[in-house]
Amino acid sequence: MPRQSASRRRVSHRHASRRRPSRRRATRRLAADLALLALAAAFALPLAWVLLSAVDPGAGLRVRIPDGLTLDNFRAVLTPGITYTPLLNSLLLCGSGTALTVGCAALAAYPLSRFRSRLNRPFLLTILFATSLPITAIMVPVYALFVRVNLIDTLQGTVFFFAASQLPFAIWLMKNFMDSVPRELEEAAWTDGASAAQSLVRIVLPLMGPGLAVVTVFSFVMMWGNFFVPFMLLLSPDRMPASVSVNDFFGNRGMVAYGQLAAFSVLYSTPVILLYVLVARRLGGGFALGGAVKG
Amino acid sequence: MRRGHPAVRALPLVPALVLLLLFLAGPIAYCVWIAFTDLQLTGQAHSSFTGLANFRRAFQDDAFLNAVWLTLVFTVLSSLIGQNTLGLALAALMKRASKPVRTLTGGVVITAWVLPEVVAGFLLYAFFRREGTLNAVLDWLHLPRQNWLFTLPILAVSFANVWRGTAFSMLVYSAALDEIPAEITEAAEVDGAGGWRRLWHITLPMIRRSIGTNLMLNTLQTLSVFGLIWVMTRGGPGDRSQTLPLFMYEQAFQNSMIGYGTAVALLLLLVGSLFSVVYLRLLRTEV
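If you're matching them up, the sequences are chains A and B in order.
Counted the way full-length UniProt numbering counts, the first sequence spans residues 1 to 295.
Counted the way full-length UniProt numbering counts, the second sequence spans residues 1 to 287.
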């Protein structure tokens, strides 16, 4: 909160000084606007392709205004085989993975945030170190290991790995959010005889609701978009999440129906974009990653 | 505040620790072990310890050296130069721009970032294909067209990574620029310092910590890009966009040499750890 008021003060200061060199500032703003619009257009071109092709009856590879609007592409992909099963698999995989991550992270963050211990600092540094390891690198040994312990091509194995790979960052974020919940409220509950577990569930977690939402959404979005992990650890086509099954549009079906590919991409991307928008206020600006960036 | 025995207080850490040890530390330890063996995918009951053979082989393997080189090109082009510079430019421009433009640009750039990896791959595949959007734009501008994914595949995937990853730098730098007190830049302006001088002597030194951490995180993220390149080029044509993660995958699965593939993975992990340690040091010296 103090941060917000500081930035507000800065804004009002800027307003005061804006009156004087206003013309120069207006030119500068126009230049910045034009430059940004050009950049935004460059970024938007690939996005425009997916949106326009999804409703274009004769979609090809380039951005173009559709001859007519159609929902046929959506109708064609809205079948159990192409859309429903993969999306359901994604939901199952990422839902369980997220639940596991958030549950474990909340529990782990509690002692780290509430009790002093000599081990806290080395533990948190290890966590921060693990946060930035390239997980891609260990997918081959994880595959070999999963074959040995019979976890290959199982939902639970993939969920466990998903959760473990997301945990370091989730614990780090969760601990930072938990630190901002004042201890006094908890101490009052303790004098009334509440246990640590009760105070975590009844007091701390409800008070850090927005933080909890950020960790949940962030973990879910990361898993939803992840391609390499399910690509390596799952083998049966009927267990594939959308991130992998979307590949079939290219490989096995011969001629690529670009309109359908675009329609599927829209269906598959929409949930995470909506979720992101939902927590963007908390994520945006400094972004919760500021937690990682600022230490 | 003393509540219970220290061992009891640490109990909530157990589920997370078990998961981390079994599914993260475990595979890393296993990685270190099989990198020194000749483990293969099929037709072999036992693998044997082969010492440094995998590593010796890697450094004599032209395909490996090619992958190292391409990884370097990919990282420098897309992360160090592309994402970093463009992210800073976007953040700086946004500070001056009007609110609707700021919101619009931010929305577009961040959407590219939130999009699932494979979808981003498809979008840029369509963008760079011979009959794709980029060539249409070039035609319209009367510029020569190219079959980008064939002639300059590593450049195409680097641009793809810039498109997808710049939002992160933009957010980091927006936050950093907001922390600079307006008084300082205004004082410099009054003293007659031009835009570039202010950037060089005031802005950059003041956000150097963010630059350091951002470069670190960008590099780490870029080192582990797999899906984007896989969807766009599969590492091809030939091996002209085969970075280390794709090389590792090919050795382990197409050539079924898990031991060799893992040795490559271990090298990648070591490079990553090195960056990670530098990142921790950056945080520690400045916090």
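Because the hints were derived from the structure by calculation, they are not lab data.
By construction, the Cβ of each residue, glycine as well, lies at the ideal position given by its N, Cα and C atoms.
Each hint should be verified, as a subset may be incorrect.
[Said to hold, decoys possible] Some chain A residues close to chain B (C-beta under 8 Å, calculated; not the full set):
1. G58
2. G60
3. V63
4. P66
5. D67
6. F74
7. C104
8. P134
9. S265
[As the list claims (entries may be wrong)] Coverage of chain A stretches by chain B, computed from C-beta distances (three or more under 8 Å per stretch; other residues unrestricted):
10. 43 to 52
11. 203 to 215
Q) Which of the numbered hints are not met once you compare them with the structure shown? A) 1, 4, 5, 6 and 11
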